[in-house]
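K.L.:
Residue numbers (my numbering), protein chains in the order written: chain A, 544 to 954; chain B, 166 to 476.
I should point out that these hints are in silico values taken from the structure, not numbers from a laboratory. Here the structure is a predicted model, which is why all the values come from computation and not from measurement. It is possible that some hints are incorrect.
If you only want the chain B side, here are some residues facing chain A, beta carbon under 8 angstroms, derived [as the list claims (entries may be wrong)]: (1) V216; (2) G220; (3) Y221; (4) T222; (5) S226; (6) L229; (7) G232; (8) A235; (9) S316; (10) G319; (11) I334; (12) F336; (13) N340; (14) G425; (15) T428; (16) S443.
A virtual CB, placed ideally from N, CA and C, is assigned to each residue, including glycine.
These are the residues of each chain, in order.
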Amino acid sequence: MNIRTMASVFAATSVLAFSMPAFADTDLKIFVSSQHQPDVWRKVLDKYEAANPGVKVAIETGGNTSEAQAQYLNTVMSAKDTNLDVLMLDVIRPAQYAAAGWTSAFENKDMSVYLPAYAGANTVDGKVVALPAFADAMFLYYRKDLLEKYGIAPPKTWEELAAAAKKVAEGEKNPDLQGLSFQGKAIEGAVCTFLLPYWSQGKNLVENGKLTFDHDAAVTALKLWKDFVDTGVAKKNIAEVATDDTRKEFQAGSAVFAVNWSYAWTHFQGAESAVTGKVGVTRLPALGGGEQASCLGGWEWGVSAYSTHQDEAKKLVEYLSSEDVSVFMAANGSLLPTYAAAYGNNEVLKAVPWFADALQVVETAKPRPVTPRYNEVSEVIRTTVNAVLAGVTTPEDGASQIEARLKRILR
Amino acid sequence: MTTTSILNAASNADRGPPAWTRWLDLGDRALGVVLLAPAAILLALIIVYPVLRLGYTSFFSLSLTSGLPAEFVGLENYSLMLEDPVFWETTWNTVLITLITVPGALLVGLALALLANLPFGVQWPVRLSLLIPWALPLSFAGLIFAWFFHSEYGVVNDVLVRLGFEGIIWFNSPNWAFAAICLTIVWKTSSFMALIILAGLQTIPRSLYEAADVDGAGRVRQFFEITLPLLKPSIVVALIFRTITALQTFDIPYMMTGGGPGTSTSTLAMYIHQNTVSFLDLGYGSALAVVMFALSMCVTAVYLRAIRTKE
Numbered sequence: 544m545n546i547r548t549m550a551s552v553f554a555a556t557s558v559l560a561f562s563m564p565a566f567a568d569t570d571l572k573i574f575v576s577s578q579h580q581p582d583v584w585r586k587v588l589d590k591y592e593a594a595n596p597g598v599k600v601a602i603e604t605g606g607n608t609s610e611a612q613a614q615y616l617n618t619v620m621s622a623k624d625t626n627l628d629v630l631m632l633d634v635i636r637p638a639q640y641a642a643a644g645w646t647s648a649f650e651n652k653d654m655s656v657y658l659p660a661y662a663g664a665n666t667v668d669g670k671v672v673a674l675p676a677f678a679d680a681m682f683l684y685y686r687k688d689l690l691e692k693y694g695i696a697p698p699k700t701w702e703e704l705a706a707a708a709k710k711v712a713e714g715e716k717n718p719d720l721q722g723l724s725f726q727g728k729a730i731e732g733a734v735c736t737f738l739l740p741y742w743s744q745g746k747n748l749v750e751n752g753k754l755t756f757d758h759d760a761a762v763t764a765l766k767l768w769k770d771f772v773d774t775g776v777a778k779k780n781i782a783e784v785a786t787d788d789t790r791k792e793f794q795a796g797s798a799v800f801a802v803n804w805s806y807a808w809t810h811f812q813g814a815e816s817a818v819t820g821k822v823g824v825t826r827l828p829a830l831g832g833g834e835q836a837s838c839l840g841g842w843e844w845g846v847s848a849y850s851t852h853q854d855e856a857k858k859l860v861e862y863l864s865s866e867d868v869s870v871f872m873a874a875n876g877s878l879l880p881t882y883a884a885a886y887g888n889n890e891v892l893k894a895v896p897w898f899a900d901a902l903q904v905v906e907t908a909k910p911r912p913v914t915p916r917y918n919e920v921s922e923v924i925r926t927t928v929n930a931v932l933a934g935v936t937t938p939e940d941g942a943s944q945i946e947a948r949l950k951r952i953l954r
Numbered sequence: 166m167t168t169t170s171i172l173n174a175a176s177n178a179d180r181g182p183p184a185w186t187r188w189l190d191l192g193d194r195a196l197g198v199v200l201l202a203p204a205a206i207l208l209a210l211i212i213v214y215p216v217l218r219l220g221y222t223s224f225f226s227l228s229l230t231s232g233l234p235a236e237f238v239g240l241e242n243y244s245l246m247l248e249d250p251v252f253w254e255t256t257w258n259t260v261l262i263t264l265i266t267v268p269g270a271l272l273v274g275l276a277l278a279l280l281a282n283l284p285f286g287v288q289w290p291v292r293l294s295l296l297i298p299w300a301l302p303l304s305f306a307g308l309i310f311a312w313f314f315h316s317e318y319g320v321v322n323d324v325l326v327r328l329g330f331e332g333i334i335w336f337n338s339p340n341w342a343f344a345a346i347c348l349t350i351v352w353k354t355s356s357f358m359a360l361i362i363l364a365g366l367q368t369i370p371r372s373l374y375e376a377a378d379v380d381g382a383g384r385v386r387q388f389f390e391i392t393l394p395l396l397k398p399s400i401v402v403a404l405i406f407r408t409i410t411a412l413q414t415f416d417i418p419y420m421m422t423g424g425g426p427g428t429s430t431s432t433l434a435m436y437i438h439q440n441t442v443s444f445l446d447l448g449y450g451s452a453l454a455v456v457m458f459a460l461s462m463c464v465t466a467v468y469l470r471a472i473r474t475k476e
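So that you can see chain A by itself, here it is in the shape it has in the complex:
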């Protein structure tokens, strides 16, 4: 037997060995943001593995904020790394991923089963680029006990909130109790900080991909927050406060009101909370006679375009985005469902009764601008909000800066 024959025999056997899928396991790796219950997602994956023999799914986590995770994933995806098959993406990112060609599109997927906002957020230029993982929105948390003590109803406008905060502060005489905690640090949350009162005046930032910036509404929005700082409703160092700082301050009992996402609720009811049973949650207030606006959050599942297991990864994502999993994650992980019917599910309402009122908030929440250059839009808004709150820039100059810089990005 000469060398050539030996080589061809070897090649033939190896082709046989690799073409027998019955014996080969598919190993999938999914990226889950560490702040969104990776241990509860693990239980969902265990169920999936049990139902699909031969498929193993490993979770990778990293970074503790949306920005840190985006930087990590940007690096992995720019390098065309095949390691990650499925990615959990913040609702603001699918447009960027689609433009960069980093996610594979889902063909013939009926998106009408989801809440309309999530069908929209995951559809870019008519293509379904990701499927919803869970919903989220910003809420107003308030100290039920303190409002009852002073006979105040939960505020419907920001003006009522300021008056309520002042009344409680005068009565309590506690220098450590601040009126309102919100996000003033230059992080993603500060984008929503700006947009909440801006939207409340009936204005939009972007319509049909075109910038529709309203200078006066922006000044009013920035001025609202700056006045809260100047009049003592919010504390002087609010420009240092990030999302989880707000959560910790309210949880420690040092704020009457707090603007935060839904994840905070579970913490407020936890063993380490100083305010268990004293917390109310409601829609965010409106500005004057405007509408009550909230910021749409939530995360999505995308399949990496560089994954070598496209079909298996898509099958997994279809499962993770199904109504059953949405109900399970709501009941076990307090993540808001992306299916309208799930908000009335008994299992969900037994675990998290306040979800009954959350549907209306999620349904009316507004999405942040959908653009592939969202990171730049975000950077402009959050650094300006931060500068205004620190007193470095006036609300007027801040609004002009946002307008000038957004014009260059959204040409």
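Got chain A; can you put chain B on it based on the hints?
P.N.:
Chain B in isolation, oriented as in the chain A frame:
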């Protein structure tokens, strides 16, 4: 066929030295080239190629978020840069950090080195305390000092209040935030200066000081006439390294302020990182990086010239 070539090689070997030993006969010049080749190839691959590639990319409009292929635009990225207020602000911040922290670290480092060179009975605690700030990763130092300067929980404000002053909201004001960053950088980098200067100090022969004592020169005169002139080479080396790392300042302001409030404490390196990693605008980010590279080269050239004239 393989067999025949082996046989040929064997018969060649009978006639003279085997082919693989022929390099032994190379001249000095050729031998030098051969011996340098591995290092030169490695450096070319990991330094020269990326730098050239960076320069090449800087002439393209290449943004991963645009969904468009790379397009040659000549010097457009550079002309955009000149009109970009954030570029000028971050460059100015970088220069200011360099101008403040390099002399600052030199002075503190020199003092620390002189202190460590004193004839202590036990040397290791002094040496260890010099090494620790140097060995600490930059981002850890940034995180630790961000806590030190925190307006509510920070130790700095706690001390200020106990001393009867009013606490400062450090990261709420561009000037205080800048001061906090510079203090942190000086703390972090002066030990590196001290280590290099300490090594220089130990090469100065004791006999010079003994002779100066005999001639009646005081401590201060000895420092300026003996210590400082003989330390100059070490100081220049330390300054080159420190200045270049100062121009590349990233970690400490990134961890402490994230560039805030607004963009008032953002550095050029942070702006490059933001444009490439976060905005995925590789063309513009490359052009910014080319500017930083040129800046570092200029500074190095100035220092190298300073050394050469001394020799």
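K.L.:
Hint by hint, say whether it matches the structure.
P.N.:
Structure-based check of all given hints:
1. V216: violated, 19 angstroms
2. G220: With a minimum Cβ separation of about 19 angstroms from chain A (threshold 8 angstroms), the hint on G220 (chain B) is violated.
3. Y221: Violated - the Cβ of Y221 (chain B) stays beyond 8 angstroms from chain A, reaching only about 17 angstroms at its closest.
4. T222: violated, 13 angstroms
5. S226: violated, 13 angstroms
6. L229: Where the cut-off is 8 angstroms and the nearest Cβ of chain A is about 4 angstroms from L229 (chain B), the hint holds.
7. G232: Status holds, d = 4 angstroms.
8. A235: violated, 13 angstroms
9. S316: Because about 4 angstroms separates S316 (chain B) from the closest Cβ in chain A, which is inside the 8 angstroms limit, the hint holds.
10. G319: With a minimum Cβ separation of about 10 angstroms from chain A (threshold 8 angstroms), the hint on G319 (chain B) is violated.
11. I334: With Cβ-Cβ at 5 angstroms, under 8 angstroms, it holds.
12. F336: Where the cut-off is 8 angstroms and the nearest Cβ of chain A is about 6 angstroms from F336 (chain B), the hint holds.
13. N340: The hint is violated - N340 (chain B) has no Cβ within 8 angstroms of chain A, the shortest such distance being about 10 angstroms.
14. G425: holds, 5 angstroms
15. T428: holds, 6 angstroms
16. S443: This interface hint holds because 5 angstroms falls under the 8 angstroms limit.
Checked against the numbered hints above, the structure violates hints 1, 2, 3, 4, 5, 8, 10 and 13; every other hint is satisfied.
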